[in-house]
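J.: Could you put the whole structure together from the sequences, leaning on the hints where they help?
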Amino acid sequence: MSSRLFVFILPVVVIAIFWAMARRESKLAHDPTHKSFFERNGTSLGIVFILLVAFWALFLVTLPYLYMVVESFHPKLPPAQRGGPTDVLTIAQYKSFFVNPIDNEVNGTHIYAFVFSILASVAVTALNFAICYPIAYYMAQAGTAQKVRLLMLGLIVPYWVNEILRAFALRLLLASKGLINQMLMGIGLTETPIDFLGNNTGLYVGLSYAYLLVMVFPLYNAIESLDKNQIEAARDLGAPWWKIHRDVVMPYAKPGIASGCTMVFMLSAGSLAAPQFLGGPSTLWFTSIVYDFFFQSFNWPRGAAYAFILLAACIAFVMLMLRLFKVSLGETIR
Amino acid sequence: MSSKLVMKSMIGFYIFLFFLYLFGPLLVMSVTAFNTPNYPTALPFEGFTLGWFPKLWNDRQMMDGLWNSFIIGFGVVAISVPVGLAAAIIMGQIYHRARSLFYLVTISPVLTPGVIIGISTVIFWKDVLSVTDVTKAVFYKGIVLSIFGQSSFVAAYCLLIIMARLQRFDRAQEEAALDLGASYPQVFWHILLPFLKPALISASVIAFLSSFENYNTTTFAILADKTLVTVLAGQVRQGTTPALSALAVIIIGISLAGAIIYEVMKRREEAMAEKAKERAKMAERGEVGMAVGA
Numbered sequence: 288m289s290s291r292l293f294v295f296i297l298p299v300v301v302i303a304i305f306w307a308m309a310r311r312e313s314k315l316a317h318d319p320t321h322k323s324f325f326e327r328n329g330t331s332l333g334i335v336f337i338l339l340v341a342f343w344a345l346f347l348v349t350l351p352y353l354y355m356v357v358e359s360f361h362p363k364l365p366p367a368q369r370g371g372p373t374d375v376l377t378i379a380q381y382k383s384f385f386v387n388p389i390d391n392e393v394n395g396t397h398i399y400a401f402v403f404s405i406l407a408s409v410a411v412t413a414l415n416f417a418i419c420y421p422i423a424y425y426m427a428q429a430g431t432a433q434k435v436r437l438l439m440l441g442l443i444v445p446y447w448v449n450e451i452l453r454a455f456a457l458r459l460l461l462a463s464k465g466l467i468n469q470m471l472m473g474i475g476l477t478e479t480p481i482d483f484l485g486n487n488t489g490l491y492v493g494l495s496y497a498y499l500l501v502m503v504f505p506l507y508n509a510i511e512s513l514d515k516n517q518i519e520a521a522r523d524l525g526a527p528w529w530k531i532h533r534d535v536v537m538p539y540a541k542p543g544i545a546s547g548c549t550m551v552f553m554l555s556a557g558s559l560a561a562p563q564f565l566g567g568p569s570t571l572w573f574t575s576i577v578y579d580f581f582f583q584s585f586n587w588p589r590g591a592a593y594a595f596i597l598l599a600a601c602i603a604f605v606m607l608m609l610r611l612f613k614v615s616l617g618e619t620i621r
Numbered sequence: 117m118s119s120k121l122v123m124k125s126m127i128g129f130y131i132f133l134f135f136l137y138l139f140g141p142l143l144v145m146s147v148t149a150f151n152t153p154n155y156p157t158a159l160p161f162e163g164f165t166l167g168w169f170p171k172l173w174n175d176r177q178m179m180d181g182l183w184n185s186f187i188i189g190f191g192v193v194a195i196s197v198p199v200g201l202a203a204a205i206i207m208g209q210i211y212h213r214a215r216s217l218f219y220l221v222t223i224s225p226v227l228t229p230g231v232i233i234g235i236s237t238v239i240f241w242k243d244v245l246s247v248t249d250v251t252k253a254v255f256y257k258g259i260v261l262s263i264f265g266q267s268s269f270v271a272a273y274c275l276l277i278i279m280a281r282l283q284r285f286d287r288a289q290e291e292a293a294l295d296l297g298a299s300y301p302q303v304f305w306h307i308l309l310p311f312l313k314p315a316l317i318s319a320s321v322i323a324f325l326s327s328f329e330n331y332n333t334t335t336f337a338i339l340a341d342k343t344l345v346t347v348l349a350g351q352v353r354q355g356t357t358p359a360l361s362a363l364a365v366i367i368i369g370i371s372l373a374g375a376i377i378y379e380v381m382k383r384r385e386e387a388m389a390e391k392a393k394e395r396a397k398m399a400e401r402g403e404v405g406m407a408v409g410a
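These protein sequence lines map, in sequence, to chains A and B. For the first sequence, this note's numbering assigns the number 288 to the initial residue and increments by one for each residue that follows. For the second sequence, this note's numbering assigns the number 117 to the initial residue and increments by one for each residue that follows.
Heads up, a few of these hints could be off.
[Unchecked claim] Every beta carbon over 10 Å from chain B, so not counted as near; a handful from chain A, in silico: (1) Thr349; (2) Leu350; (3) Pro365; (4) Ile474.
[Unchecked claim] Pairs of lysine-lysine, BS3-like flavour, derived with a Cα cap of 30 Å: (5) A:Lys434 <-> B:Lys391; (6) B:Lys252 <-> A:Lys363; (7) A:Lys434 <-> B:Lys252; (8) B:Lys313 <-> A:Lys322; (9) B:Lys124 <-> B:Lys382; (10) A:Lys530 <-> A:Lys434; (11) B:Lys382 <-> A:Lys434; (12) B:Lys252 <-> B:Lys313; (13) B:Lys393 <-> A:Lys434; (14) B:Lys124 <-> A:Lys464; (15) A:Lys434 <-> B:Lys120.
[Claimed, not checked] Covered stretches of chain B (chain A as the covering partner; in silico rule of three or more C-beta atoms under 8 Å from a C-beta of chain A): (16) 177–190; (17) 319–327.
Read the hints as simulated data drawn from the structure, not as lab findings. Glycine included, C-beta positions come from ideal geometry on N, C-alpha and C.
T.: In structure tokens:
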């Protein structure tokens with residue numbers, strides 16, 4: 288149990304260190320106009336603020352995450368043996384991602400699913416950027432205020448329909464007896480229905496469709512504040528349209544691009560609905576594997592380990608993107 | 117000149133395609149809700165029926181799920197909005213060296229895949245609540261865990277919304293109130309809160325909607341219970357009747373009505389602002405005229 292208790296001690300230590308630092312600093316630089324937190328908010332309000340935020344930051348965010356990580360370093364045990372002598376720290380769950388514990392062979396299925404999920408998410412991110420950039424640019428620079436508001440509403444309304452129903456709608460179109468196949472066969476383009484779900488077209492379309500809005504809005508916000516005169520100037524100086532976008536608009540909109548791409552990538556890599564309902568029967572999405580560990584084999588530690596692998600990969604990817612685009616995390620989330 | 121026209125029609129065509137992509141699937145789904153066959157299909161259209169709508173009412177599982185979704189939604193709003201507000205205020209006052217860590221911790225749920233939030237919530241609270249039998253019996257429930265799991269990231273949304281408005285708060289107002297003898301809590305209740313009201317309202321709406329729609333976190337945190345979305349997911353997985361399309365039609369209808377009301381209100385607001393401006397101009401001219409006359 289001690290390794291799990293460590294989770295509770297760590298945040299306390301971090302807070303204590305910062306508290307001590309703050310005390311020391313305020314003593315060293317004595318400032319009579321400085322007011323303490325409780326003086327500035329009133330004692331009762333101050334206590335309420337701190338309790339609310341502490342509950343959230345500790346019990347809803349930090350502790351569950353840390354606890355999940357610690358859990359992933361434990362073996363799968365029946366409830367009675369938890370905390371017993373066999374409940375030791377182990378990296379077996381992580382090893383099982385690379386080497387299948389049943390036959391000691393390389394765990395090709397899971398590694399493939401992982402790589403496929405990441406690459407497909409990258410592809411969907413690129414696709415959505417390509418689809419959304421023209422719309423965002425038009426809304427931000429060319430459209431009139433009323434037109435923009437109408438387009439905005441048109442963008443938002445479909446997103447009030449939830450993810451599951453949207454996936455269902457696409458399934459009605461893409462299934463082997465779906466509308467698109469009916470039409471293709473009707474005009475004689477194909478004899479037998481095309482298996483859009485089996486060949487993963489459904490998966491890509493579903494992911495792209497699900498996260499269009501997530502890409503449009505950051506792009507729009509970034510491009511919107513660009514001074515129109517800059518584009519005019521570039522045009523007057525004879526720049527062709529693609530050069531204007533490459534050298535003027537895109538560099539300016541970099542934080543928005545990074546933000547949109549980050550969000551779409553994270554959401555796709557972590558998505559559950561689109562792969563479940565639009566993926567083919569042989570498509571193995573990484574989150575679906577995690578889901579099965581929880582609901583079919585009830586192997587929580589292994590599920591936690593896989594979830595952590597996914598999280599680590601996502602963080603690494605986002606950091607890489609931020610480094611490439613040379614933007615900070617603070618600029619990305621606004 | 118003609119090249120400009122070509123450009124314009126190309127842009128128009130692109131926007132048309134984009135919105136076809138956005139609305140097409142929803143339209144097809146809506147058509148299936150009014151078609152008679154037992155499985156959802158748009159073509160061939162065998163006959164018009166409204167029979168799929170009453171089926172929704174009689175679907176006990178779905179109605180139970182809807183009820184749970186409402187409870188969870190209100191629970192999430194009740195936790196997330198106050199937390200987001202408190203965090204926004206603390207963000208401005210926290211010890212400056214701790215600020216970036218605090219920011220990272222509070223924003224991380226936005227970037228964490230929902231699946232992971234759901235898993236960590238269940239693993240953590242299962243052990244914590246198992247400490248005593250009473251807490252386990254009372255709190256280890258799908259509804260409670262879903263509220264906790266969803267609040268972790270919804271509160272971060274609320275924080276971002278409230279923080280954006282707080283940055284535009286004029287500190288001079290606070291100082292004026294303090295100079296006139298108000299206490300700090302009075303400033304909070306009578307000046308800061310009214311100023312933040314629009315942000316608090318939009319945070320509540322967004323909190324409720326994102327809770328209501330959530331699938332990834334809830335599917336883990338809900339345990340043996342059901343929300344509307346998890347019921348829907350189960351039905352889609354098993355193959356379903358057009359009743360599901362009927363539900364979608366209802367949701368689309370409500371959204372469209374909301375959107376239209378919003379647009380009408382916005383236009384009226386604009387017209388009023390325009391009128392007020394004109395009246396101000398007229399009054400100014402009138403005054404000038406009077407001054408000349410005198």
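J.: Go through the numbered hints given earlier and state which of them the structure violates, listing their numbers in rising order.
T.: Violated hints: 1, 2, 7, 12, 14, 16 and 17; rest satisfied.
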